[in-house]
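**Q** One letter stands for each residue in the lines below.
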Amino acid sequence: MSDENRVPVLRITNLYKSFGALKATDGVSLDLYEGEIHALIGPNGAGKSTLIKQISGDYPSDKGSIEFLGKDLAGLGVADRAQAGLGRTFQISSLALEFSALRNVMLAVQAKSGSSFRFFKPVMKDQALIDGAMAKLEQVGLESRADIPAAELSHGERRQLEIAIALALKPKAFLLDEPMAGMGPEGSVKLTRFLDKLRHKAPILLVEHDMDAVFALADRISVLVYGQVVATGSVEEIRNNPVVREAYLGTEVV
Amino acid sequence: MVKLTKENSLNALVAMTLLVVPFIALAIDEPFYITLATRVAIFALAGVGLNLALGLGGLVSFGHAAFFGLGGYAAGILASHALNYEPIFTVPFEVNGTTEMLIIWLVAILVSGLAALFIGLFSLRTTGVYFIMITLAFAQMIYYFAISWPAYGGEDGLSIYVRNKFPGVNTLDPLSFFLIAFCVLMLAVLLVFVLKNSRFGAALQAARQNDERLSAVGIHPFNIRLTAFVVSAMITGLAGALYADLNRFVSPNMFSWHTSGEIMIFVILGGVGRMFGPIVGAALFILFEFVFGGLTEHWMLFLGLVLLVVVLFARGGLIGFITGKVRHE
Chain A
8 MSDENRVPVL RITNLYKSFG ALKATDGVSL DLYEGEIHAL IGPNGAGKST
58 LIKQISGDYP SDKGSIEFLG KDLAGLGVAD RAQAGLGRTF QISSLALEFS
108 ALRNVMLAVQ AKSGSSFRFF KPVMKDQALI DGAMAKLEQV GLESRADIPA
158 AELSHGERRQ LEIAIALALK PKAFLLDEPM AGMGPEGSVK LTRFLDKLRH
208 KAPILLVEHD MDAVFALADR ISVLVYGQVV ATGSVEEIRN NPVVREAYLG
258 TEVV
Chain B
161 MVKLTKENSL NALVAMTLLV VPFIALAIDE PFYITLATRV AIFALAGVGL
211 NLALGLGGLV SFGHAAFFGL GGYAAGILAS HALNYEPIFT VPFEVNGTTE
261 MLIIWLVAIL VSGLAALFIG LFSLRTTGVY FIMITLAFAQ MIYYFAISWP
311 AYGGEDGLSI YVRNKFPGVN TLDPLSFFLI AFCVLMLAVL LVFVLKNSRF
361 GAALQAARQN DERLSAVGIH PFNIRLTAFV VSAMITGLAG ALYADLNRFV
411 SPNMFSWHTS GEIMIFVILG GVGRMFGPIV GAALFILFEF VFGGLTEHWM
461 LFLGLVLLVV VLFARGGLIG FITGKVRHE
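Chains as they are written, first to last, in our numbering: chain A, 8 to 261; chain B, 161 to 489.
Hint data in this document are derived by calculation from the structure and do not stem from the laboratory. Please note: incorrect hints may appear among the correct ones.
[Stated by the list, open to error] In silico DSS-like cross-links for lysine-lysine, where the CA-CA straight-line distance does not exceed 25 Å:
{"hint": "1", "chain 1": "B", "residue 1": "Lys325", "chain 2": "A", "residue 2": "Lys128"}
{"hint": "2", "chain 1": "A", "residue 1": "Lys119", "chain 2": "A", "residue 2": "Lys70"}
{"hint": "3", "chain 1": "A", "residue 1": "Lys70", "chain 2": "A", "residue 2": "Lys60"}
{"hint": "4", "chain 1": "B", "residue 1": "Lys485", "chain 2": "A", "residue 2": "Lys132"}
[Claimed, not checked] Each pair of labels, with its calculated beta carbon distance range:
{"hint": "5", "chain 1": "B", "residue 1": "Leu281", "chain 2": "A", "residue 2": "Ala135", "range": "45 to 53 Å"}
{"hint": "6", "chain 1": "B", "residue 1": "Leu281", "chain 2": "A", "residue 2": "Tyr233", "range": "36 to 44 Å"}
{"hint": "7", "chain 1": "A", "residue 1": "Pro129", "chain 2": "B", "residue 2": "Gly464", "range": "47 to 55 Å"}
{"hint": "8", "chain 1": "B", "residue 1": "Asn168", "chain 2": "A", "residue 2": "Glu145", "range": "48 to 56 Å"}
{"hint": "9", "chain 1": "B", "residue 1": "Gly288", "chain 2": "A", "residue 2": "Tyr233", "range": "52 to 60 Å"}
{"hint": "10", "chain 1": "A", "residue 1": "Gly82", "chain 2": "B", "residue 2": "Tyr321", "range": "54 to 62 Å"}
{"hint": "11", "chain 1": "B", "residue 1": "Phe473", "chain 2": "A", "residue 2": "Lys177", "range": "40 to 48 Å"}
{"hint": "12", "chain 1": "A", "residue 1": "Ile155", "chain 2": "B", "residue 2": "Leu447", "range": "34 to 42 Å"}
Ideal Cβ placement from N, Cα and C applies to all residues, glycine included.
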């Protein structure tokens with residue numbers, strides 16, 4: 008898949024992160040190209056979330072580099088990286104719970120469309136903000152729930168709202184941390200179809216436990232075990248890789 | 161424009177009541193009540209300032225006395241220099257005091273804003289109980305400084321012999337001075353209301369609800385909070401300047417942690433984040449002081465009981481208790 012002539016949108020080189028004696032990220036190299044879904048799988052505690060948090064800027068890295076659109080992200084915080092074009096969803100939904108679904112998305116539209124240091128015009132009279140946010144809610148099928156406070160949305164709806172917010176940021180790459188978690192079979196199928204199209208807007212680094220979704224969506228899969236990438240390849244290659252089968256998939260899969 | 165909700169009706173009632181009290185006082189020839197109403201307006205103004213940080217931004221500042229006091233001392237120092245015909249400093253150029261309220265207010269706002277910028281740069285890197293303690297520590301530092309600085313009265317405070325001037329108004333007339341304080345209060349409430357509904361307000365309220373979410377959309381919570389903290393301090397500083405003029409006296413007590421606690425009580429009693437909450441809170445405070453303060457010096461005990469009930473059973477304060485939960489549109 009990875010064409011040597013193309014420049015990756017996201018390139019992670021030799022990344023390390025330790026918590027005390029625990030090597031959570033142990034020399035990871037990974038890249039993400041335009042138009043693809045690169046799935047990151049691995050057993051619990053393999054370091055997937057740590058890696059995502061290093062990319063998003065929550066954790067500083069001990070060593071190694073993260074290049075995004077040709078620029079090194081070192082020293083940039085979460086907000087800076089989001090501005091640079093990393094659209095991220097959280098493993099556990101992270102929303103402004105008192106705000107309605109619409110206002111949650113409006114916050115992202117606001118961040119994308121200029122300064123938050125505007126003190127006088129009421130946001131609820133800013134039609135561009137409202138329309139922009141509503142369009143994203145429609146894309147994820149949440150428009151009928153626009154006025155409901157995030158706290159009152161169902162678990163699945165919150166997952167959808169997270170994606171609507173990420174969409175509103177018009178990112179250059181998506182970092183999706185288990186978007187299917189707790190969605191239910193019907194929701195997963197819908198979301199799978201949605202992500203399938205989304206990759207053409209911006210490539211997706213997808214952490215996911217739902218193997219049906221991963222195998223249906225991924226252009227490439229990387230398998231993380233004890234903080235190390237033990238294999239990277241196409242769906243077929245990963246399915247048939249004996250190391251992966253032993254370390255992660257077990258014998259009952261496939 | 162403004163929807164006729166239960167809360168808006170209550171707000172109008174609160175504002176009208178405060179406005180009417182001094183006129184009734186005048187009619188029944190009890191000018192002391194005018195002073196009480198003026199104190200309510202000024203304390204409420206201090207609370208409106210804190211409410212921006214605490215109510216909208218979730219910043220539990222236990223150091224707003226610093227700004228209240230700085231505003232007060234700005235008024236006191238400027239006026240005392242003007243009345244004694246002594247320049248404040250002569251090097252590198254001469255700066256004289258003034259008895260013009262408008263200039264005094266501007267200085268009070270600038271000084272409190274600068275202090276908040278400095279304090280905020282340190283304290284806003286922390287959250288929760290650490291933030292409370294650091295803001296408290298800064299305010300106490302200024303308190304002890306004020307006590308030990310003899311140039312402006314030290315522990316004894318500083319008297320202003322004549323009330324400062326406001327263009328076209330006889331400020332020594334209690335009713336006129338009340339009306340000045342009341343107008344400033346209403347303008348401050350309007351300012352906080354406008355800020356709340358703006359882009360900045362959206363970001364500030366999101367910072368209170370979920371810091372992580374705000375960062376993830378690309379907005380730096382620290383910058384938003386610092387701005388809110390500075391504006392909040394400016395409003396409270398302005399209240400301090402008015403308070404100095406009301407009493408024609410400033411004392412280091414304005415800086416003490418009691419004052420910070422009282423400002424916080426105004427906000428919590430009335431309803432955290434409710435636009436008119438600080439007015440209700442301050443009114444209740446003054447009412448208790450007046451009614452029970454005549455009976456016992458331990459009148460705070462009664463207020464404490466009310467505060468306890470509000471915190472335990474009415475999280476939206478008295479305004480929230482009457483009008484119900486806020487619903488964001």
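**Q** Let me make sure I understand: some of the numbered hints might not hold for this structure. Which ones are they, in numerical order?
**A** Those not satisfied are hints 1, 2, 5, 7, 8 and 9.
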